[in-house]
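J.: Kindly produce the complete structure, drawing on both the sequences and the hints.
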Amino acid sequence: MPALLGQVRLDLSAVLQALFYRLQGREMHAPEVVAFDPSVSDLRRDVETEIDLSGFVLQRISIRRDEEVGNDPLHRRIEAVYKIADSIGRQMFTVIAADYIISEKAVLIRQAAVIPYYPDGADIRFLILPANKLPALKFLKGLSFEELLSLVAENALSRKELERLKPGQPGRFKLAAFNMRKAEPGKSLNIYTSKDDVSGSIRIKDSLSLNKNGWTAALVDGEFMFNTAPGFWFYVGMSDAKESGKIRLLERFHSRIKQ
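Numbering (our numbering), first residue to last: 2 to 260.
Just so you know, the hints here were simulated from the structure itself, not pulled from any lab data. Check the hints yourself; a few may be wrong.
Derived lysine-lysine pairs resembling DSS-like cross-links, with alpha carbons at most 25 Å apart [what the hints assert, rightly or not]: (1) Lys213 to Lys188; (2) Lys243 to Lys188; (3) Lys213 to Lys84; (4) Lys259 to Lys134; (5) Lys167 to Lys259; (6) Lys84 to Lys142; (7) Lys213 to Lys243; (8) Lys188 to Lys142; (9) Lys188 to Lys247; (10) Lys206 to Lys247; (11) Lys188 to Lys206.
Keep in mind the model is a prediction, meaning the values are calculated, not measured.
T.: Right, dumping it as structure tokens:
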């Protein structure tokens with residue numbers, strides 16, 4: 002059940018907010034309202050590879066469980082999914098569970114745990130830019146996800162510029178796909194085409210797939226012809242090191258920018 006903090010009971014709202022603050026390594030503005038049992042660990046250690054969540058905000062909450070413990074209305078157990086996002090649009094999900102007691106003075110969180118959550122779906126940004134606007138792909142491996150996204154976005158062609166590309170005239174371009182939704186370790190993003198669709202419109206020179214602590218990107222360097230009829234599709238898919246040869250389709254983008 003999706004919910005906003007202002008739409009739930011005060012005790013539940015306070016607990017959900019306190020847990021998110023603890024996840025970020027922050028303390029609540031009113032710590033006397035919600036207290037943590039000393040046994041509750043630093044929740045940041047449980048969010049896998051993501052260490053610094055200070056730049057993320059709580060975007061959505063889906064409550065999975067909210068129930069009394071032993072028919073005691075002051076002893077409650079909850080489970081919720083947090084969707085959190087940062088200023089550049091990255092999104093990640095966590096499942097949080099807690100056991101807490103309500104007293105006259107404060108709420109005491111007795112137990113709490115968090116695990117990463119990877120729902121189906123993706124949020125793909127697909128960008129096209131002249132090849133000379135970026136260095137060779139091998140020199141991009143050391144960049145962070147944020148640095149690479151910023152560099153590509155600054156040099157990418159706008160939709161109007163893409164629409165003006167002459168049909169049938171090949172050019173050297175780099176294609177980039179960014180999954181703004183955090184993926185599991187071991188996942189790889191891929192840009193590919195169907196062999197039946199191409200007919201000489203593509204010559205791939207180089208490709209690169211990156212997974213930076215779950216933030217995935219794929220780049221392709223080659224010669225492409227845009228705005229030709231009937232055109233072809235670029236596909237963006239996700240592969241897993243554990244499942245060799247299998248790619249799950251996430252999005253597709255047509256070579257005819259102006260339909």
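J.: Compare the structure with each hint and give your call.
T.: Structure-based check of each hint:
With a C-alpha separation of about 10 Å, the suggested pair Lys213 and Lys188 falls inside the 25 Å cut-off, and the hint holds. Taking the CA atoms of Lys243 and Lys188, the gap is near 9 Å; set against the 25 Å cutoff, the hint holds. A threshold of 25 Å between alpha carbons decides the hint, and for Lys213 with Lys84 the separation of about 19 Å falls inside it, so the pair holds. Taken as a hint, the Lys259 and Lys134 pair is honoured in the structure, with Cα atoms around 23 Å apart against an allowance of 25 Å.
For the proposed pair Lys167 and Lys259, the alpha carbon gap of about 11 Å is at most 25 Å, so the pair holds. Annotation: proposed proximity of Lys84 to Lys142 is violated, straight-line Cα distance about 28 Å (limit 25 Å). Between Lys213 and Lys243, the direct Cα distance comes to roughly 18 Å. Compliance with the 25 Å bound is thereby established for this hinted pair. For a cut-off of 25 Å, the pair hint linking Lys188 to Lys142 stands: about 16 Å separates their Cα positions.
For the hint linking Lys188 to Lys247, the alpha-carbon distance of about 11 Å falls within 25 Å, and the restraint holds. Between the alpha carbons of Lys206 and Lys247 the distance comes to roughly 23 Å, so the proposed pair stays at or under 25 Å and holds. With a CA separation close to 23 Å, the supplied pair Lys188 and Lys206 stays within the 25 Å bound.
Against the hints set out earlier in the document, a violation occurs for number 6 only.
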